[in-house]
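Engineer: Spelled out from the first residue to the last, the chains are:
2 protein chains.
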Amino acid sequence: MSEQNNQNTRISDLGEFGLIRHLTREVKLYQESTKRGIGDDSAIMDYSGRQVLVSSDLLLEGIHFSLMYTPLKHLGYKAVVVNISDILAMNGRPEQIVVSLGVSGKFGLEHIENLYEGIRLACDKYHVDLVGGDTTSSVTGMTIGVTAVGSAEKDRVVYRDGAQVNDIICATGDLGAAYMGLQLLEREKEVFKKSPGVQPDLSGYDYILERQLKPEARADVVRLLAEKDLVPTAMMDISDGLSTDVLHICHQSDLGCKIFQDKIPVHEQTEKMGQELDIDSTTAALNGGDDYELLFTIPTSEYDKIKDQKEIVPVGHMTSPDFGCYMVSTSDHQVQLKAQGWNNGRG
Amino acid sequence: MSEQNNQNTRISDLGEFGLIRHLTREVKLYQESTKRGIGDDSAIMDYSGRQVLVSSDLLLEGIHFSLMYTPLKHLGYKAVVVNISDILAMNGRPEQIVVSLGVSGKFGLEHIENLYEGIRLACDKYHVDLVGGDTTSSVTGMTIGVTAVGSAEKDRVVYRDGAQVNDIICATGDLGAAYMGLQLLEREKEVFKKSPGVQPDLSGYDYILERQLKPEARADVVRLLAEKDLVPTAMMDISDGLSTDVLHICHQSDLGCKIFQDKIPVHEQTEKMGQELDIDSTTAALNGGDDYELLFTIPTSEYDKIKDQKEIVPVGHMTSPDFGCYMVSTSDHQVQLKAQGWNNGRG
Numbered sequence: 001m002s003e004q005n006n007q008n009t010r011i012s013d014l015g016e017f018g019l020i021r022h023l024t025r026e027v028k029l030y031q032e033s034t035k036r037g038i039g040d041d042s043a044i045m046d047y048s049g050r051q052v053l054v055s056s057d058l059l060l061e062g063i064h065f066s067l068m069y070t071p072l073k074h075l076g077y078k079a080v081v082v083n084i085s086d087i088l089a090m091n092g093r094p095e096q097i098v099v100s101l102g103v104s105g106k107f108g109l110e111h112i113e114n115l116y117e118g119i120r121l122a123c124d125k126y127h128v129d130l131v132g133g134d135t136t137s138s139v140t141g142m143t144i145g146v147t148a149v150g151s152a153e154k155d156r157v158v159y160r161d162g163a164q165v166n167d168i169i170c171a172t173g174d175l176g177a178a179y180m181g182l183q184l185l186e187r188e189k190e191v192f193k194k195s196p197g198v199q200p201d202l203s204g205y206d207y208i209l210e211r212q213l214k215p216e217a218r219a220d221v222v223r224l225l226a227e228k229d230l231v232p233t234a235m236m237d238i239s240d241g242l243s244t245d246v247l248h249i250c251h252q253s254d255l256g257c258k259i260f261q262d263k264i265p266v267h268e269q270t271e272k273m274g275q276e277l278d279i280d281s282t283t284a285a286l287n288g289g290d291d292y293e294l295l296f297t298i299p300t301s302e303y304d305k306i307k308d309q310k311e312i313v314p315v316g317h318m319t320s321p322d323f324g325c326y327m328v329s330t331s332d333h334q335v336q337l338k339a340q341g342w343n344n345g346r347g
Numbered sequence: 001m002s003e004q005n006n007q008n009t010r011i012s013d014l015g016e017f018g019l020i021r022h023l024t025r026e027v028k029l030y031q032e033s034t035k036r037g038i039g040d041d042s043a044i045m046d047y048s049g050r051q052v053l054v055s056s057d058l059l060l061e062g063i064h065f066s067l068m069y070t071p072l073k074h075l076g077y078k079a080v081v082v083n084i085s086d087i088l089a090m091n092g093r094p095e096q097i098v099v100s101l102g103v104s105g106k107f108g109l110e111h112i113e114n115l116y117e118g119i120r121l122a123c124d125k126y127h128v129d130l131v132g133g134d135t136t137s138s139v140t141g142m143t144i145g146v147t148a149v150g151s152a153e154k155d156r157v158v159y160r161d162g163a164q165v166n167d168i169i170c171a172t173g174d175l176g177a178a179y180m181g182l183q184l185l186e187r188e189k190e191v192f193k194k195s196p197g198v199q200p201d202l203s204g205y206d207y208i209l210e211r212q213l214k215p216e217a218r219a220d221v222v223r224l225l226a227e228k229d230l231v232p233t234a235m236m237d238i239s240d241g242l243s244t245d246v247l248h249i250c251h252q253s254d255l256g257c258k259i260f261q262d263k264i265p266v267h268e269q270t271e272k273m274g275q276e277l278d279i280d281s282t283t284a285a286l287n288g289g290d291d292y293e294l295l296f297t298i299p300t301s302e303y304d305k306i307k308d309q310k311e312i313v314p315v316g317h318m319t320s321p322d323f324g325c326y327m328v329s330t331s332d333h334q335v336q337l338k339a340q341g342w343n344n345g346r347g
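Chain order of the listed sequences is A and B. Using the working numbering, the first residue of the first sequence is number 1, and each one after it goes up by one. Using the working numbering, the first residue of the second sequence is number 1, and each one after it goes up by one.
You may find that some hints are simply not true.
It does not matter which identical chain is meant; a pair holds if it fits inside one copy or across any two.
Straight-line C-alpha distance at most 30 Å; calculated DSSO-like pairs for lysine-lysine [stated by the list, open to error]:
(1) K28 - K310
(2) K338 - K106
(3) K194 - K228
(4) K189 - K263
(5) K35 - K272
(6) K189 - K228
(7) K35 - K106
(8) K154 - K28
(9) K189 - K106
(10) K35 - K154
(11) K194 - K73
(12) K310 - K194
(13) K193 - K106
These aren't lab readings, by the way, just hints derived from the structure by calculation.
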């Protein structure tokens, strides 16, 4: 990026406060609950009795994203989506976000504008209000802190600890695509490093690339559950991979689980890329992460309400705790589910 | 810090989720509004009709703190204080915080435990509930993201834009001490770099050091204002220095101001250190920042309510906008107030 710096407006020309004013001048507010947005010490919301949900995340350059293949606009979009996904995972309604940014001198105004364009795009898509923005300089690289705020009716909040024995475990969409998209980007990065003239070959893989670079949160599924008057017994979003995340529900609900390899939804591009890169697509779904699909449990008696929904797939069921947490493989072996370690990051 | 690493438990031994459980096992909850804390996708609060305040900050190593002279326990304490100060500055009551941490491999478990010890200490002191904690690895250094959540009665929230002509401008405590403490630490760092054997000479400067390393938020002043039934017309906390921060109130209230150099409260240690380091103590108060005192405006008719409070000092008054924003110096010159630029950081 450094070559472009000279053409860029320097952030110091605007000053910190001028920068925030500049970046947030086109911010629209959608939510009735938003009483005051950017420009004071804190944002102000009024929920008149609904429960208030707050979730916060840090995205760090080199860990959660690489600017070598992540366009800043996509990064801004993803930073918002990842956070509102946590509110949706409580069966809540995301309403506001607060963004804190740390940027080093290698970034010019245009870079941060691109990032904010992505942030605004996500806010527009999900009707979420950007109510706080703060930008400071950093020593190295870019850090994005996002806090999402939402609300829910008290008796409709869904925790991770409410699953019951025999509940059906459901996943939305498909899994492992974001991870496989990342592997493709990594491969092309290596090719580019060796031969800078070669254009990346990404054709035919638009779906898995979009899943990595521009994921969506499942607001549609949360709306659907409300329409069907179905409150899951437990729910979370799949950010660390199906294996790690179903284990969260098992541990917090004090139960075991059995999931079936042949039920795990995998997109055909994920499958194809897996063959090309010699990565098992089930492994990508179990341990890849970054999917931002929803994982939830429902009583068998409620299954009829969603059985015709293509976007919701039953992948197994909860068991008594002494059964343990297993996947039944296509070759009918029982494979113990494992959580990802610290060193694997978030996928 | 690197010499100590071998004695430390490695974070990867615990795993990410084990780490959070370990760090938050002693967290106490104080607030009735806290319905669910750490352990799910988001925290849950219930304010039954009060307004909800949300404020977020990033603290970056090398910009907002240097681990060369900031003990991690102090850093954790300060990270909390800085954020709840923003809620207090709205005349609100801080009730919860969410902490996101990014740490590189150079930090061991003991380091993060020290940081959390400081976080818990601040939570205990201010009766604020830690309701969310997230720790990820980072490529370099340490990043702390803190979101503070609070509440206020609707008609008692104080913005920055409500000041009126002739309102008295008040500051709390004293100003410039944190900046002067930082200069002392910087001086000793340089001495240490040149002669590693020399012990730092910090005697007699405990007050300015504590102001830099372990600042407090003015919850006491906000309580006092409530007791006196006094709602300021405008308020904010002094994080960037008196000059920058009074300009925020001027710009947002569309007014000018006149402050008086001889009224600006400066501690004797700040004065003394200033003479030693050849730094003007007024400059430290105007541009130093990091004081976390409160700055507020009140109608002259309300002044009697606080005139006997030692912790509250009138420093000037609001004027019509065409007057501009000035400080009257001790030599009776009018000095235009300026905001700090991007490059100066937060002081």
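Engineer: It remains to establish, for every hint, whether it holds in the given structure.
Structural biologist: Going down the list of hints, with the structure as the test:
no.	hint	in the structure
1	K28 - K310	neither (34 Å within a copy, 44 Å between copies)
2	K338 - K106	between (40 Å within a copy, 27 Å between copies)
3	K194 - K228	neither (53 Å within a copy, 71 Å between copies)
4	K189 - K263	neither (33 Å within a copy, 61 Å between copies)
5	K35 - K272	neither (49 Å within a copy, 46 Å between copies)
6	K189 - K228	neither (45 Å within a copy, 64 Å between copies)
7	K35 - K106	neither (36 Å within a copy, 43 Å between copies)
8	K154 - K28	both (28 Å within a copy, 23 Å between copies)
9	K189 - K106	both (21 Å within a copy, 27 Å between copies)
10	K35 - K154	both (22 Å within a copy, 10 Å between copies)
11	K194 - K73	within (27 Å within a copy, 46 Å between copies)
12	K310 - K194	neither (43 Å within a copy, 68 Å between copies)
13	K193 - K106	both (21 Å within a copy, 28 Å between copies)
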